[in-house]
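The listed protein sequences derive, respectively, from chains A and B. Here my numbering is used: position 658 in the first sequence is 658, and no number is missing along the way. Here my numbering is used: position 38 in the second sequence is 38, and no number is missing along the way.
For the record, the hints were derived by calculation from the structure and aren't laboratory data. Some hints here could point you the wrong way.
Pairs of lysine-lysine, DSS-like flavour, derived with a Cα cap of 25 Å [what the hints assert, rightly or not]:
no., chain 1, residue 1, chain 2, residue 2
1, B, K34, A, K281
2, A, K282, B, K43
3, A, K456, A, K422
4, A, K282, B, K40
5, A, K107, B, K43
6, A, K275, B, K43
7, A, K111, B, K43
8, A, K250, A, K281
9, A, K281, B, K40
10, B, K35, A, K281
11, A, K278, B, K40
12, B, K43, A, K36
13, B, K36, A, K282
Label pairs and their calculated CB-CB ranges [as the list claims (entries may be wrong)]:
no., chain 1, residue 1, chain 2, residue 2, range
14, B, S33, A, Q126, 37 to 47 Å
15, A, A285, B, I20, 17 to 27 Å
16, A, G146, B, S33, 30 to 40 Å
17, A, S67, B, E31, 12 to 22 Å
18, A, A299, B, E31, 14 to 24 Å
Since we're looking at a predicted model, the values are computed, not measured. No residue lacks a Cβ here, since even glycine has one placed at the ideal position from N, Cα and C.
Each chain, written out:
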Amino acid sequence: MIQEGTVLNGTYVIQKPLGSGGGGSIYLAYHSRLQKHVAIKKIHEVGMVPEDILRREADILKNLRHSYLPQVFDFLVMPSGVYTVMDYIPGWSLKELLDSGHKFSEKEIVKYGTQLCEALTYLHNQNPAIIHGDIKPANIMITPEGNIVLIDFNISAFTRSDGKAYTFGYSAGYAAPEQSREYQRLYGNPNTVTESSAEASRGIPIDYRTDIYSVGATLYHMLTGTKITKAPDGEVVTSAGNGLVFILNKALSENPSKRYANAGQMLAAFRSIYKLDKRYKKMEARRTVLQIAFVLLAAVGVITLYFGYRKSQTDLVAKYEKCIENMVEARADGDFEAFEDYYKDAIEIDSERADAYVERADMLFELQDYEKNIEFIENDVLNTDGLEYSSDIGYVYYMLGLCYFETEDYSNAVAAYRNALKYDKTDGNVYVQYAISLARIGDLDKAVTALEDAKKNGASNALVNLTEGEIKLAEGEYEDSVASFDEAIKEADTDYVRMRSYIMKAEAIRKLAANTDSEAAIEKYREAGEVLKAAEIAVSSAYKTAILQREAQCFIDAYNISKETEDAHQAIAALQAIADTGYAEHSVYDNIVILYQNCGELDKASEVLAGMQDKYSDYYAYYKRLAFQEILLQNEASANTASYDAFYEYYTQATELYSTVDQTDIEMNQLDSLYNDLVARGLL
Amino acid sequence: MNFDLNIFYIIGGALVIIGIIGFIVVTATAEVSKKKLVDKLSKDY
């Protein structure tokens, strides 16, 4: 206790004690030179802390500048003790106000709590951090302006190298439970002090959370009018606003790890205290619930849209497949108009799906409309974006190869099969057709290799035999090729293979005819014709036209040598069969007429020509044949009755129509010669 | 593949639109309400 009137350091005149705490005693003094009041604190723990540390820490305190902290401006080390000199804060201590029964409003508590936390945050953020260590109402001044000033620093409460600060006392009712417990352990029992003298001389360890508790306890006192007298369990504050209750309960947690970790966190809580209010939380919860509800609504909408999309796709797939089904039925019924309509519908639904294209290519192939099929595949199918990734595109190339083959464009057929094999290297049928086309263009080595690949990839025996026959035919081994084609015919499992085998067998026999004398050649041509007549019975009507064309050619070849009417009639029968299908071209009828003319059966030739009138009345070749027929008819008539007026009429029409076509026809030259001859003879 | 309108598209589209508009309205309204409440609470504290 310093006596009033004592002059410290020749400057400070002690006037009266202001208070005493765990860290020291505070006196009101008068600064004789500056002529102002100051507060002087005599530090109790002197001797426990080395002087150099005390001085260094005092220097740090002197540098502190904060609205809610007093300015420390001197540090005295004197024989009577160690002192810190600081601003004297006029006003009342919080303790005085509480003792006088002053009631603090919640708003005031929040305001002072915020200011306390601001001051503490400033202290905690110093380097080294400063722990107050003794926050209580007596150490909080309320200025006349209504703000707080936190006084009475423990000079020893700087954090040490172990991250903790140390103090030597505590204020009951405000100190954190761990602080008071530690005090009791170290200093409350003389025996304990003796046993732990090293610990006792070091002090009670405190940290940020000790100050946090003390702030909470101080505010608790302000709120309730009483201080916490024992360590609290669980929640200690139940009344007041939700935000304040939450902050105080957290600050007053028994377990330090559950408190705010530092004053900055507690300050943030005070600044956003409204967020802890029930009304705010309720509003936030309502907003969140509504937002989640609308997000869920939108999510349900998205899911519904997805289902809609799936249904749409499913419906379209079903429609597409129905179109394909209808295409198959129309094709089977021979209703090609309906087939084309369904094809267009299918393409409109999904132009990137291969099924409709494949079906149409199959149909055109079946109709043996190879040129149209090639155009369709090249222009419509292979140029369609997105279709190149279809698994069926290999088959489309295969179909293209077959069409090129049928049009005897073997080079393009080879290219098409090569493309088909890029998509599927395991289809023996493709290798077979590839090998045959290679044989046709004379690339026999590659043909043999392709045949081996065909065998490895499961090509049927019939196709293997057919291919072997083709290769032998290309090699000039006609007899052997006939044997291979015979084997192919025996083992053919499809009409197409059977048809091809018969045709190739006939072709091989025709090749043999070329190497023999006339008599033998006639027989060979007739034999080839008979083979094809057998084929007519063996294959379906779809392939009969291809057979009949070759059959007619065989008998025409035989007739050209033998000049026997029977051969001509056989050829005519084959051609007539083609004509009977209704799809015959002009050349079929024309050949029938020529054959009848060659046999001298002019009346039958006239009948055929009469039948052609409706179909070919705009075609020069029809009038050309009529003109020739007229010459033959007039040649049979007597010189007196012969009239070439009709000839002239047909000749004129043929010539006029011929001039409109871009075509070279040797027979037209012959017709010109006949006309000139008749003119020269004066018959025209 | 073509687009085939069905009832799911109509319902789903409506729900998505309602959900988005509702979310925006709730968020905007809540911001205004929050501002008012914060002003009121700030006075209380």
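Compare the structure with the hints numbered earlier in the document and write down the numbers of the violated ones, lowest to highest. 12 and 17
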